[in-house]
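Asker: Keeping the supplied structure of chain A fixed, place chains B and C upon it in accordance with the hints.
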Amino acid sequence: MHVPDGFIDAPTSAATGVVAAAAVAVSLRGARRELDERTAPLAGLVAAFLFAVQMLNFPVAAGTSGHLLGGALAAILVGPCTGVLCVSVVLLMQGILFADGGLTALGVNITDMAIVTTVVGYAVFRVLVKVLPRGRRSITVASFVAALVSVPAASFAFTFIYAVGGTTDVSIGKVATAMIGVHVLIGIGEAAITALTVGAVIAVRPDLVHGARGLAQKLKLRVNGVLVDVPAPDEARTAPVAARTSRRALWTTGLATSLVLAGFVSFYASADPDGLEKVARDKGIDSKTEQHASADSPLADYGVKDVENARLSGGLAGVIGVGVTVVAGSAVFWAVRRRRTPDVSPTSTSAV
Amino acid sequence: MGAGHAHRLYRHGHSPVHALPPHTKLAATFAFVVVVVSTPREAMWAFGLYAVLLGVVAYHARVPAGFVLKRLLIEVPFVAFAVLMPFVAEGARVDVLGLSLSVNGLWGAWNVLAKGTLGVAASVLLASTTELRELLLGLQRLKLPPLLVQIASFMIRYGDVITDEMRRMRIARESRGFEARGVKHWGVLAKSAGALFIRSYERGERVHLAMVSRGYAGSMPVIDEVTASRAQWSYALALPVAALVVCLLGWTL
Amino acid sequence: MDPVSTAAASVEVSGLAFAYPDGHQALFGVDFRIERGERVALLGPNGAGKTTLVLHLNGILTGGAGTVTVAGLPVGKRHMPEIRRRVGIVFQDPDDQLFMPTVREDVAFGPAAAGVKGAELEARVDRALAQVGMGEFKDRPPHHLSFGQRRRVAVATVLAMEPEILVLDEPSSNLDPASRRELADILRSLDVTVLMVTHDLPYALELCPRSLILSEGVIAADGRTAELLSEDALMRAHRLELPFGFDPRSVTADTSRP
Chain A
9 MHVPDGFIDA PTSAATGVVA AAAVAVSLRG ARRELDERTA PLAGLVAAFL
59 FAVQMLNFPV AAGTSGHLLG GALAAILVGP CTGVLCVSVV LLMQGILFAD
109 GGLTALGVNI TDMAIVTTVV GYAVFRVLVK VLPRGRRSIT VASFVAALVS
159 VPAASFAFTF IYAVGGTTDV SIGKVATAMI GVHVLIGIGE AAITALTVGA
209 VIAVRPDLVH GARGLAQKLK LRVNGVLVDV PAPDEARTAP VAARTSRRAL
259 WTTGLATSLV LAGFVSFYAS ADPDGLEKVA RDKGIDSKTE QHASADSPLA
309 DYGVKDVENA RLSGGLAGVI GVGVTVVAGS AVFWAVRRRR TPDVSPTSTS
359 AV
Chain B
-5 MGAGHAHRLY RHGHSPVHAL PPHTKLAATF AFVVVVVSTP REAMWAFGLY
45 AVLLGVVAYH ARVPAGFVLK RLLIEVPFVA FAVLMPFVAE GARVDVLGLS
95 LSVNGLWGAW NVLAKGTLGV AASVLLASTT ELRELLLGLQ RLKLPPLLVQ
145 IASFMIRYGD VITDEMRRMR IARESRGFEA RGVKHWGVLA KSAGALFIRS
195 YERGERVHLA MVSRGYAGSM PVIDEVTASR AQWSYALALP VAALVVCLLG
245 WTL
Chain C
335 MDPVSTAAAS VEVSGLAFAY PDGHQALFGV DFRIERGERV ALLGPNGAGK
385 TTLVLHLNGI LTGGAGTVTV AGLPVGKRHM PEIRRRVGIV FQDPDDQLFM
435 PTVREDVAFG PAAAGVKGAE LEARVDRALA QVGMGEFKDR PPHHLSFGQR
485 RRVAVATVLA MEPEILVLDE PSSNLDPASR RELADILRSL DVTVLMVTHD
535 LPYALELCPR SLILSEGVIA ADGRTAELLS EDALMRAHRL ELPFGFDPRS
585 VTADTSRP
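Residue numbers (the working numbering), protein chains in the order written: chain A, 9 to 360; chain B, -5 to 247; chain C, 335 to 592.
Extracted from the complex, chain A is given alone in its bound form (with noise of 0.2 Å):
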């Protein structure tokens, strides 16, 4: 689903140029903790891997074609932060190289296929892994489903964006079924791809997997007819990381509940005025009402235009508004952080 230059109009293409560059930016600094000096060329491995993956594509209903991403594998492999890097570097590569995708566009397909599929598969991960028994089968498993889960999220984001900003008149609803839907199958696809590339690369390599830190064993060595024990590298990293995932679990739970709590529950609210209106109405106040400015946005009313079934409507919005928020919210957030603390990333650390 790369999208070329116009299918997007221009502020919405604006508003997540910026949102992936914020996006970019905040794992540049992420993964300068990821990183060693090792571990870039393996990130640059994993972008070519994508690249030719992602040469795969197959038509979808309504003339558009989809194809693999591999966020969730890139995430696996080199972590988070990086992974997000490589599928950035892989569109621009393909919109520069082989104009793959609009030059414009980039915000929007960063948006849409780097940034979701990595997070959302990241995420979904980090939490199997937690709720699995420890072991190489469970990372195995939980590659599978992460990569499952994050190919219909992506079509999610890009029928969002579609819908804030296609510079076309097709009904969301289609739009939505067809991309959705078909992103399920591929979904299956490339969670079987994602599942046996890992599995494979643990079983011979587990030191290239970056989901698998965990799992290392600490080594014995002889030295001179004597045992001794191998200083652990990782050991200064060990307690940002576990801060790091906590963080991370209360940001997905709140996340996760917040869209349950608009998507779904609001299906359920009540259609009659609230209070205001109400009382509003009652006292004929209302009369000198104005129409909001923004009153034909598409998400005026708390419903989605050419959405026709209210709850699903209703609904639509809703998750649609957690998802700007959160968003918005987090850029405000992070942006008023960084000048608030020092930059406290391990720099001058001494050798072992």
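What the hints contain is simulated information worked out from the structure, not anything from laboratory work.
Since the model is a prediction, treat every value here as computed from it, not as a measurement.
Each hint should be verified, as a subset may be incorrect.
[As the list claims (entries may be wrong)] With a cut-off of at most 27 Å between alpha-carbon atoms, the simulated DSS-like pairs for lysine-lysine come out as follows: (1) Lys411/C <-> Lys228/A; (2) Lys451/C <-> Lys411/C; (3) Lys451/C <-> Lys137/B.
[As the list claims (entries may be wrong)] According to the in silico footprint, chain C covers these stretches of chain B (three or more CB under 8 Å from chain C): (4) 200 to 212; (5) 215 to 225.
C-beta atoms are modelled at their ideal positions from N, C-alpha and C, and glycine is treated no differently.
Answerer: This is chains B and C only, laid out in the frame that chain A set:
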């Protein structure tokens, strides 16, 4: 893993466009595409002028029209979507050759086709006149974060290694009589993906070790400074500036 | 041998042990010391751990037990760029090391990565190519050169960084006798500490007064090359064999520096 090789879209030549520093070309292409996308779809003549402008660039770059047109095929999936749009879009309908088509859908189809095609054509011209290494240096010069450029350069190096390994594995399979298509083909590809990954990595690891041993620390060392003179910048920016004029006319007329 | 300098040893390895992530242990406690200006050969059977050991000298491999000190600096994250400048490793396959489009850019890669620019960079490139006698091939693509020429350019890529220690992995492998001699002349003319990993025992005898034998992950012997090669029992125990008809006692090796 070779170096400085041409990528698929590159067309060797000695035109003035080939000689421009890569970062000017990248900036010009991007600016041009932004202008095209910002043009109102109703000004159909404007898009014709854009195509003419690109034709002029192609002429200066000595890239034949057939070459560009062949590469435009990449956007076939979206052409299909655009063609379908007048049938599935909502809104007022009009009768064309006995078919009831949505007016909005027709405009939408035109919009996507025109802008998408021009975007692809511009990218093709950029890629066909700029070598891979140069593109990366240009991106680095335009202040793309060095880590991204590093990943991109390794990606390109590994691209060759992967296609080579895939070729070898395919030959090995076919010599044993394997010839499936469709879903079965996928199954085999999936199973060999892991082995392909490890083999490619280990092949490239040695070159990376050599680079690291010589002090490589994250960004390609700059051996020759590439700066662009004012004349070069003006030459490159002529395209987007001309397009901008057309765009403004499109908005006002 | 040079008069003993009071400066730090070029290489000092103490208690080095290392195992690969899959659990296979390659080094079981290696100790040795090389003074500035020495030329030392590292001998041993296949699989002894010679390449593994060498990769520890510039920090490519870490994460084991023991310490490695190079030119007075401990090998570790803190001094890595400086260590990589001072230790130049020439790998066995020149194609792994020549990855730029022209010879000039390959040789310039190392100094450019260290921050050298402009005229000074060109000067370094020219000096390094002159040292290996490849000055006229400056603008050629490396894959157009013969194997021996590529080997020499690979050495130049490392010399351009002006290292203190030059480590060579099988430098004479696959070279015809004339190229072997040319390379030997080049190595003799350099003023650096040399550690040469090799199977080519006559070459070791010709160029290196001192040899270390690495076997089963430990240093099994350390002494004058001529003496080690004359001890039949020692050689047999570590799978070292002299070429047909070669008698080390009959060679008067030139042990003093020109």
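Asker: Taking 8 Å as the Cβ threshold, is the statement that the segment 215 to 225 of chain B is covered by chain C upheld or broken by the three-residue rule?
Answerer: holds (count 4)
Asker: Check whether the Cα positions of Lys451/C and Lys411/C lie no farther apart than 27 Å.
Answerer: Distance ~25 Å between Lys451/C and Lys411/C Cα, so the pair holds.
Asker: Going straight from one Cα to the other, do Lys451/C and Lys137/B come out at no more than 27 Å?
Answerer: Given pair Lys451/C, Lys137/B holds - Cα atoms ~20 Å apart, limit 27 Å.
Asker: Can the segment 200 to 212 of chain B be counted as covered by chain C under the rule of three residues or more with Cβ-Cβ separation shorter than 8 Å?
Answerer: holds (count 11)
Asker: Does Lys228/A lie within 27 Å of Lys411/C when you go C-alpha to C-alpha?
Answerer: The hint holds at about 23 Å.
Going through the hint list in order, the structure satisfies each hint without exception.
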